[in-house]
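Participant: Please model the entire structure based on the sequences and the hints provided.
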Amino acid sequence: MATFLLRRFGQAVILLIVVSMIGFTILHLAPGGPLSQYAVDGSMTQADLDRLADQLGLNRPLPVQYGEWFLRMLQGDWGVSYRDRQPVLDIIFSHLGATLELMLTATVIAVVLGVWIGTLGAIRRYSFFDSLATVGAMVALSIPTFWFGLIVIYVFSVGLDWLPSGNRYTIGDGSFWNRVHHLVGPSIVLALVSTAVWSRYMRSSMLDVINQDYIRTARAKGVSERRILFRHAMRNALLPMITIAGVQLPVLLSGALVTETVFTWPGMGRLFLDSISYRDYPVVMGVLMFSAVIVLLGNLLADLLYSVADPRISRQS
Amino acid sequence: MTEAVSPAPNRKLARWPVAQRFADHRLALFGLATIIVLAFSCLVGPWLLPFSDTHIDMQSRFAAPFSGSHVFGTDMMGRDTLARLLMAGRISLSIGFSAMAVSMVIGVSVGLIAGFYGGAIGAVLMRFVDAMLCFPSIFLLLAISALVSPTVPAIIFLIAMTSWMEVARVVEAQTRSLRTREYTLAAHSYGASSSRLMFREILPNAIAPIVVAATLNVANAILAESYISFLGFGIQPPTPSWGNMLNSAQTYLTSAPWLAIIPGAAITLAVTSFNFIGDGMRDALDPRADH
Chain Y
0 MATFLLRRFG QAVILLIVVS MIGFTILHLA PGGPLSQYAV DGSMTQADLD RLADQLGLNR
60 PLPVQYGEWF LRMLQGDWGV SYRDRQPVLD IIFSHLGATL ELMLTATVIA VVLGVWIGTL
120 GAIRRYSFFD SLATVGAMVA LSIPTFWFGL IVIYVFSVGL DWLPSGNRYT IGDGSFWNRV
180 HHLVGPSIVL ALVSTAVWSR YMRSSMLDVI NQDYIRTARA KGVSERRILF RHAMRNALLP
240 MITIAGVQLP VLLSGALVTE TVFTWPGMGR LFLDSISYRD YPVVMGVLMF SAVIVLLGNL
300 LADLLYSVAD PRISRQS
Chain C
0 MTEAVSPAPN RKLARWPVAQ RFADHRLALF GLATIIVLAF SCLVGPWLLP FSDTHIDMQS
60 RFAAPFSGSH VFGTDMMGRD TLARLLMAGR ISLSIGFSAM AVSMVIGVSV GLIAGFYGGA
120 IGAVLMRFVD AMLCFPSIFL LLAISALVSP TVPAIIFLIA MTSWMEVARV VEAQTRSLRT
180 REYTLAAHSY GASSSRLMFR EILPNAIAPI VVAATLNVAN AILAESYISF LGFGIQPPTP
240 SWGNMLNSAQ TYLTSAPWLA IIPGAAITLA VTSFNFIGDG MRDALDPRAD H
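Each protein sequence line maps, in turn, to chains Y and C. In this text, residue positions in the first sequence follow numbering that gives the first Met the number 0: the first is 0, and each later residue adds one. In this text, residue positions in the second sequence follow numbering that gives the first Met the number 0: the first is 0, and each later residue adds one.
These aren't lab readings, by the way, just hints derived from the structure by calculation. Keep in mind that this is a model prediction, so the values were computed, not measured. Don't be surprised by glycine CBs; every beta carbon is placed ideally from N, CA and C. Check each hint, because a few of them may be wrong.
Claimed, not checked - On the chain C side, residues computed to face chain Y include the following (Cβ under 10 Å):
| hint | residue |
| --- | --- |
| 1 | LEU26 |
| 2 | LEU28 |
| 3 | ALA32 |
| 4 | LEU132 |
| 5 | PRO135 |
| 6 | SER144 |
| 7 | PHE156 |
| 8 | LEU222 |
| 9 | PHE232 |
| 10 | GLY242 |
| 11 | ILE266 |
Facilitator: Take a look at the structure:
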């Protein structure tokens, strides 16, 4: 177990370094590099730009610059926004809550629905329901999230007037139920793809489990089918799902960006898009790096949880 | 994964088991037929229609579908929706195929090199793949698209840059296992060069998962194009694409819902079809696996 943990942490650190190198490269690909803001608005001459580049140390070798940038990132100094001079990390944290709220709600919906659909599909394999769920999952994975969002708004906000068409709460009314009401639409939209993925993985995980010897043993002992399903099969089939939660993170974050745009949800995705429109590169790069780090840590956490929940995993490796 | 919908073996194809298994996969056939019809309409349609996709007609703005001479209605500038849909289809489908081709070249090369040489080279390449996969694809796409001018080739390149990693993983795993097969070792023993081993011994035997990945990659490339164009950083008007047709649709959702419904339905149809084809190919090429 200790070697497993150590190795897994080592991998994560290496990955973090490679991720930061990619981020740094993209930052320097920007036209004008880190000075693009000044290059774009034309308020500085080339001589000014050169002097500034010299002062900021942008003429030094790239590895040196990268090293310094990486150390600053580690210390929490992610630069300041071009727009309002706020520290990038502060801006990200002020938008993170809305995104996490949306992602968590969507995940709960997706897990509940996906596990139910997948389990039913597995125990009634090849039934009408199973075929329908299979095709349904494939279609759900093919629907553009933003389009599904538009349809939901058209049907439930414009047509039926059941749901608000956007924002996190009505201005002047921040009550719990008002927030929940606003959360319904975007979280259903965000949950669509995840539900499809969860149902597929749950189905195949359940199929693996119900052919195991211990299920046959339980049946031979005369345990009721219901108890076999919930006490024996379901618990074991759910274990590998922990890693799916980790693997799903980048997809979920991408989906959140799109959903936030359609539903004018004030989260990290909208912040990212707005910053791109303003050419606010420090925030763009900050959010990009931040999302990659979330994914990295999420996967690490999922792997660790899985190895705790299923000791076979860490003993194998 | 769709055995449930595939009885009735097609006897004519019995000599080609792969083709037969594909033909038995009804959804895959449906997908293939849809793509052929869709691609053909986009190719030929614009010449047959009485309206040009760029013809602005302020007198007949927001004409509803199925009411007058415009079958799918018109948009906020009175342009024919069907004409735009078909022209957009040309752009979106060709971006899907081109981005797939570029991403396959990158993914197969990286996977082949990493899997064949292994060791430090393999480790470095595969850690790079892992790191790229940490970035949520749309974040990466948008961040880079902000740095380049959004022409069609640039968008193709962008999508390819962010979608080759899964292919690389698949090819790397295949190459690693095929490298130690008897026939590869035999070729090595009579002095075959590394490139011969890679391209003549290993790659042809790894073709099945590559073909499946390529099909699914077209689906994902079409989706990726629609996402960034919808968000305004992809294909720029007046060039229509399925994604950017939806760009302004949200503004008119109440008054002209067809502007949102029709292009989105086209995207969903095309992407679903490619996913069905990919699924059918997976079943046809690897009949043992149950997905």
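Participant: Now, for every hint given, state plainly whether the structure supports it.
Facilitator: Hints, one by one, checked against the model:
| no. | hint | in the structure |
| --- | --- | --- |
| 1 | LEU26 | holds, 7 Å |
| 2 | LEU28 | violated, 14 Å |
| 3 | ALA32 | violated, 16 Å |
| 4 | LEU132 | holds, 7 Å |
| 5 | PRO135 | holds, 4 Å |
| 6 | SER144 | holds, 8 Å |
| 7 | PHE156 | violated, 13 Å |
| 8 | LEU222 | holds, 6 Å |
| 9 | PHE232 | holds, 7 Å |
| 10 | GLY242 | holds, 8 Å |
| 11 | ILE266 | holds, 5 Å |
Hints 2, 3 and 7 from the earlier list are contradicted by this structure; the remaining hints agree with it.
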